[in-house]
Amino acid sequence: MSSTLNVLIGLAMGLNLLALASGRVRSLISVVAVQGVALGVMPLLLENQFNWIVALVALGTVAVKGAVIPTLLRRAMRAAKVDREVDPSIGFVSSLLLGAGGTIAAVALARVLPLLPEHEGLLLVPGAIASVLTGFVLLIGRSKAISQVCGYLVLENGIYLFGLLLIHATPMLVEAGILLDITVGIFVIGIIVDRIQRAFDSLDTRNLTVLRE
Amino acid sequence: MNLVIAFIDVAARLAAWLILAPLLPGIINKVKAWVAGRRGPPVLQLYYDLNRLRKKSVVLSELASPAFVAGPAVAWVAVLGAALLLPLGPAGAALSFRGDVLLVIYLLALARFATAWAALETGSAFEGMGAAREVSYAVLSEAALITAIMALCIHSGSVTLVTMLTPAAGAGAALLGAGLFAVLLAENCRVPFDDPNTHLELTMIHEVMILDHSGPPLAAILHGASMKLLLFAVLLTEAVLPVGNLPPFAAAGALAGGVLIVTVGVGLIESLLARLAFRRVPLLLTTAFLLCLFALLVAWNGGAA
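Line order of the protein sequences matches chains A and B.
Sequential numbering from 191 applies to the first sequence in our numbering.
Sequential numbering from 7 applies to the second sequence in our numbering.
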């Protein structure tokens, strides 16, 4: 069971690097969607016996992160006629190296952290730290609003992985609430993207820094 | 008596490497033709080409120094030497000593240096450009290759090729295989790094370096390139599969099958992918380097746990 979980987290870490290397906005959205699905099925693997609330929340996570959010983002892209190139301000090679360095540092850091014995063999903590770092690099290093949203989603995936550590302590209702928040957040960002595009004729958020009365 | 057996052994290896190598480009071209729905050139086309080039005379530039002819010869001998150091499954290598893997890396680097030198000898701007590109890609692909070798070293706890390539690569085999395959494509100037069929000097890499060569030196370059392809295919197969532990016939089958799969894979990639824009190439090579780096870390962890 824990080896399946580790393979899934390893997949998510690989997808982190793929997200840093992808040059098209559409492929970035797909990578983030696949990562969301991979993380969504994890609660089912963590629970020892079948629990219908957990199953429901896992199903909701997979549906929202795998289908609803990508659809919203793609619709926003289509509506605002966003250019397909990602347009990085930190280059692909350097962001990839940053992400890889972060992943390695996360694995090294997790070894010295005092973890609970049941989390010792799992990649949960390094996976979470690596995803958070990747999310930061994407947020800082991409200039288009849509790619920054993808960075935010990767960041949220990392926090979600952290949350899985506490799956027995927190009610699943909290997870459901977070999921709802993200969906509404992406929905609102879709509208903002459209607004930015109309006001500046581009989605480059660097335009917003020179905003004046 | 022992000396005679050793002599026959080396001669058989030499013959195998020399005779089998030109098959690989033929297989790649056949796969490409098959995917495109063409009949394609015969599988033995490179043998005919080499035979034709052997009979031709050499056109020498007045500007070029003797290195113009010596370069291809040195490169050919260096690749052949590297090939003899590479073990062939349970049969082992013709020559094996502690640290021979370093010699293989340096022989491959020497071959590249000699080819680039011969290209610069012509004084042609195009060939200088090709040599510059070849060498700048090599910086990244060699880093990936050395990392892959280090992963194998740490996994097996040895710096001798025969013992390094005998056990399977373990948990990181998939990572290592993918990384080494990308290195193979870059080192042998295949799509998506370089297009061997292109006829535009501005976009060529390997092909533009050999534009001014003719006759037997060109034959040596083409044959050396095919041997290098076979060398990398064998290295990739042995790094991923535990060929050394199998009984002789199964090992020969596994080795031949692995090389064939790699060759067909190269052909398929060449048919289905377009070459990358130059500015995207470092990204792919960095990815290959990272794949090998993660294989190295997995080997490290596997040894500790």
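One or more of the hints may lead you astray.
[What the hints assert, rightly or not] Facing chain B, according to a computed beta carbon distance under 10 Å, are these residues of chain A, among others:
| id | residue |
| --- | --- |
| 1 | 207 |
| 2 | 211 |
| 3 | 250 |
| 4 | 253 |
| 5 | 254 |
| 6 | 257 |
| 7 | 281 |
| 8 | 282 |
| 9 | 283 |
| 10 | 286 |
| 11 | 293 |
| 12 | 294 |
| 13 | 297 |
By construction, these hints were calculated from the structure, which means they are not laboratory data.
C-beta atoms are modelled at their ideal positions from N, C-alpha and C, and glycine is treated no differently.
Q) Holds or violated: is there a CB of chain B closer than 10 Å to the CB of residue 257/A? A) Violated. Min distance 28 Å.
**Q.** Interface hint status, residue 293/A versus chain B (Cβ within 10 Å)
**A.** Holds, about 8 Å.
Q: Report holds or violated for the interface hint on residue 254/A, using the least CB-CB distance to chain B and a cut-off of 10 Å.
A: 30 Å, violated
Q) Would the hint on residue 282/A stand, with a C-beta cut-off of 10 Å toward chain B? A) 5 Å, holds
Q. Holds or violated: residue 211/A as interface residue toward chain B, Cβ cutoff 10 Å?
A. Because about 6 Å separates residue 211/A from the closest Cβ in chain B, which is inside the 10 Å limit, the hint holds.
Q. Can we keep the residue 286/A interface hint, with Cβ of chain B closer than 10 Å?
A. 6 Å, holds
Q. Against chain B, with CB atoms and a cut of 10 Å, does the hint on residue 294/A hold up?
A. 7 Å, holds
Q: Double-check residue 281/A for me: the hint is only fine if its C-beta lies closer than 10 Å to a C-beta in chain B.
A: 9 Å, holds
Q) Would the hint on residue 250/A stand, with a C-beta cut-off of 10 Å toward chain B? A) 32 Å, violated
Q. Regarding the hint that residue 253/A lies at the interface with chain B, is the smallest CB-CB distance below 10 Å?
A. Result: violated, 30 Å to nearest chain B Cβ.
(Q) Hint residue 283/A vs chain B: min CB-CB distance below 10 Å? (A) 5 Å, holds
Q: Would you check whether residue 207/A satisfies its interface hint, that is, whether its CB is within less than 10 Å of any CB in chain B?
A: 7 Å, holds
Hint violations for this structure: numbers 3, 4, 5 and 6, all remaining hints satisfied.
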